[in-house]
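> Based on the sequences and whatever the hints tell you, model everything.
Number of protein chains: 2
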Amino acid sequence: MTRQQLINLIHTRRSFLCVGLDVDKNKMPAHLREAQDGVFLFNKSIIDATIDYAVAYKSNLAFYEAMGIEGLLQLKKTMDYLHSLDKPAFTIADAKRGDIGNTSQQYAKAFLDPQGEFNFDALTIAPYMGADSVQPFTVYDGKWVILLALTSNKGAFDFQFLPVAGQKKLFEQVLETSQQWGTPDNMMYVVGATKADMLTQVRAIAPHNFLLVPGVGAQGGSLEEVCRYGLTNDCGLLVNSSRGIIYASNGEDFAERAAEEAHKLQQQMSATL
Amino acid sequence: MTRQQLINLIHTRRSFLCVGLDVDKNKMPAHLREAQDGVFLFNKSIIDATIDYAVAYKSNLAFYEAMGIEGLLQLKKTMDYLHSLDKPAFTIADAKRGDIGNTSQQYAKAFLDPQGEFNFDALTIAPYMGADSVQPFTVYDGKWVILLALTSNKGAFDFQFLPVAGQKKLFEQVLETSQQWGTPDNMMYVVGATKADMLTQVRAIAPHNFLLVPGVGAQGGSLEEVCRYGLTNDCGLLVNSSRGIIYASNGEDFAERAAEEAHKLQQQMSATL
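If you read the sequences in order, they're chains A and B.
Here my numbering runs 21 ahead of the position in the first sequence, where the first position is 1.
Here my numbering runs 21 ahead of the position in the second sequence, where the first position is 1.
Think of the hints as simulated: they come from the structure by calculation, not from any bench.
Hints are not guaranteed to be accurate.
Intra- or inter-copy, both count: the list cannot distinguish identical chains.
Unchecked claim - Below, a list of computed lysine-lysine pairs in the BS3-like style, where the Cα atoms sit at most 27 Å apart:
{"#": "1", "residue 1": "Lys46", "residue 2": "Lys98"}
{"#": "2", "residue 1": "Lys108", "residue 2": "Lys65"}
{"#": "3", "residue 1": "Lys108", "residue 2": "Lys190"}
{"#": "4", "residue 1": "Lys48", "residue 2": "Lys130"}
{"#": "5", "residue 1": "Lys97", "residue 2": "Lys130"}
{"#": "6", "residue 1": "Lys175", "residue 2": "Lys189"}
Because the structure is a prediction, the values reported are computed rather than measured.
Written as structure tokens, this is what we have:
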């Protein structure tokens with residue numbers, strides 16, 4: 022999906038909500054836990070319930086890999102379902118990959134290749150290994166790399182805020198250096214909602230890039246603050262909520278409750294746009 | 022595998038060679054490319070040919086993921102085969118993972134859990150997200166996290182050498198901070214052979230940790246230099262070679278040629294130990 026298509030979708034749905042499909046079997050409704058294709062059926066119900074309120078779905082690979090190869094089959098069914106819908110959605114593999122150039126090419130093929138099994142629109146990447154670990158993800162038309170800049174967890178303070186080479190913080194250096202590796206048409210950044218007060222600094226360096234913002238909801242981030250400091254004329258934000266939506270209920274009403282939570286966020290977003 | 026078991030294995034085989042199973046179908050011998058379970062059969066032949074000269078096998082997840090779910094089935098068969106042998110080997114998932122705590126727990130389960138499909142001994146992890154992204158990998162007995170410190174690629178110079186908070190370089194800060202997250206019994210570091218001259222600095226901060234050293238061979242690193250600056254009384258090194266061994270020939274003699282290359286490295290290692 023191109024930048025313009027994403028912006029159009031955001032304006033059509035009046036939403037910049039990304040729903041995180043971080044499926045943990047233990048938190049799924051009991052009737053789906055042991056069902057054949059239970060994870061896919063859970064995802065399908067969540068997608069059907071939320072797609073009018075969301076523009077993106079982010080699958081956290083860890084949760085699927087923890088279920089073994091069967092988990093990846095469930096993810097593939099989920100992606101096939103998303104691709105089959107006449108309502109488009111931007112799809113993100115939250116995989117935090119990144120390796121030397123010839124290896125990153127293989128990861129790009131695994132997740133972004135239109136002929137591949139998953140065919141995601143975007144993939145999250147860690148910046149530690151530098152340019153050649155990131156650039157292989159920018160070569161597919163209409164596909165995106167989403168580089169970690171400032172993450173939502175406590176461990177973000179271990180390295181990301183260190184002053185480097187003068188006055189900048191490491192995450193600012195990552196933003197600045199990586200501006201040379203891609204464009205606002207193929208590169209986004211992860212900026213955690215729990216550090217929304219840093220969005221002004223982020224926007225000073227990356228004024229036009231879309232930001233994928235996790236951490237609203239269960240992790241404590243505020244949508245209002247994220248919008249205040251992060252919104253651009255093109256919206257420029259995808260705000261993710263995972264647990265707050267998909268586990269709003271673990272009863273048979275899980276999809277209705279997910280829809281309610283997504284709708285609430287969409288209404289706040291609509292008011293801001 | 023515990024530290025003591027690894028050290029014993031190194032002394033028994035008089036080797037600290039790690040063979041990188043980075044299987045690219047296009048580089049495999051023609052007769053295996055289209056064969057049923059061709060990737061597994063390729064790996065099995067390489068393992069059989071090299072296990073007397075090597076103590077470890079490192080599977081680069083990107084290459085398997087690029088083949089889709091079928092690739093992961095081939096990896097599972099490879100791991101099952103390694104676990105079935107009466108000759109032990111240390112197994113590494115070169116996966117460069119790392120995410121917020123509850124997500125890293127899922128990655129740890131996927132790769133290290135003895136009940137899981139892969140049951141690797143160790144997993145490579147990127148440090149950018151800090152303590153809570155790394156510590157979930159240290160909780161399994163006899164299992165290891167291998168943290169990226171100094172990588173072998175050109176992009177390593179983008180961030181890893183930046184001076185942070187005074188005189189230290191970022192990779193030195195990563196080494197220093199992470200010393201609090203694990204012990205030499207459950208934490209190793211990746212230090213690229215192409216930066217062997219930095220091993221003195223690495224050893225000043227991490228005198229006892231094992232180092233996984235990629236980049237000997239195709240990437241240009243020197244085994245002699247790595248040993249001169251990196252060896253400890255407990256050996257303290259696992260030196261990886263991938264392409265130089267597994268693609269020594271792409272003919273029907275690939276396994277014999279792999280054995281020759283591995284044997285050459287083992288002899289150099291034996292002389293050093």
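> Hint by hint, say whether it matches the structure.
So, going through the hints one by one against the coordinates:
{"no.": "1", "hint": "Lys46 - Lys98", "result": "both (16 Å within a copy, 25 Å between copies)"}
{"no.": "2", "hint": "Lys108 - Lys65", "result": "within (13 Å within a copy, 46 Å between copies)"}
{"no.": "3", "hint": "Lys108 - Lys190", "result": "neither (41 Å within a copy, 49 Å between copies)"}
{"no.": "4", "hint": "Lys48 - Lys130", "result": "between (31 Å within a copy, 16 Å between copies)"}
{"no.": "5", "hint": "Lys97 - Lys130", "result": "both (15 Å within a copy, 20 Å between copies)"}
{"no.": "6", "hint": "Lys175 - Lys189", "result": "both (20 Å within a copy, 23 Å between copies)"}
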